[in-house]
Amino acid sequence: MIRGDVTVAADVGARLYQEDRSLVYRYISVNESGWLLAVMDGHSGSAEVAEFCKINLPIYFEKLSAFITDCPDAVIEDILRDAIRILHEKTNNMSSGATISVVYISETREKAFVAILGDSPVIVRGAGSIWVSPEHNIRTNTKDRIAVLQKGAIYSNGYMCDPETYYGLQITRCLGDASFNNFLIREPEIFSINLDKNSLIIVASDGLIDPAHENNKDELAIRLIGIIQDEEGTALDLVNDALIRQTGDNVSAIVWKQSKHQLQDGKMPSFVL
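Residue numbers for the sequence shown follow the working numbering, beginning at 13 and rising by one.
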């Protein structure tokens, strides 16, 4: 069993207001403990969808995870999928939208379960490798681009556009954005990554990423891990680095990494938000 600490930081960056929302939720049940982490990056001028997800995701997760103890890993993947499905059902009539990147870190199973809808990055230094989440952006994700075009959207100047209104979005998967209901993909991609005592995890909004990152995503992931891998590195260090690089957006980051203060067996840390 592994145990980790979590740090959180955010900054409005070059924007006039903050549309990002972050969630850190400590989950403890019989024979299962972990962290539910999420970043929601709001857009279309409002954080309504992002705020709804922050408030309600832990509620849905708790209800769905009643039988999480000793269940197969696939059940946890289904819990994340179902939680996002419910969030979609509750927000699909909202005019604003938000990405959502969710990570459930099972410290009991030594595994991270990741659900991605949008382009808010997740970076995991797992057991022997570095994993970077896919990006649901029409400019960079060919598979998603084909899918939304088949639904009737058009691709214009790097945007997925409604052929009637010519309103556009870069992201191909998100919550909310009712005017794009005919085109958006609402299914998250789900992944699981094995962890070990050297693992660390970053969940962030895309304001953490340099705008010119398209061709060096793996290199940037290694650089960001390097910023926080020592004992004192925190999410605030990542946010400050993004501000120095002037990424031009709201920036939010959550970092989980191995606890500096290991607890005795059977002792669990208190809930942290």
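If you are wondering where the hints come from, they were derived from the structure by calculation, not from laboratory data.
Any given hint could be a false lead.
Said to hold, decoys possible - Derived SDA-like pairs (lysine to any residue); straight-line CA-CA distance at most 25 Å:
id	residue 1	residue 2
1	Lys66	Pro146
2	Lys123	Val20
3	Lys209	Met13
4	Lys155	Lys209
5	Lys75	Arg15
Here the structure is a predicted model, which means the values were calculated and not measured.
Checked hints:
Restraint check: the Cα-Cα separation between lysine 66 and proline 146 comes to about 22 Å, which is no more than 25 Å; the hinted pair holds. The suggested pairing of lysine 123 with valine 20 holds, with an alpha-carbon distance near 21 Å, which does not exceed 25 Å. Pair hint lysine 209 plus methionine 13 holds up; C-alpha atoms about 9 Å apart against a cutoff of 25 Å. Taking the CA atoms of lysine 155 and lysine 209, the gap is about 35 Å. The hint is violated against a cut of 25 Å.
A distance of roughly 24 Å separates the Cα atoms of lysine 75 and arginine 15; the hinted pair therefore holds under the 25 Å criterion.
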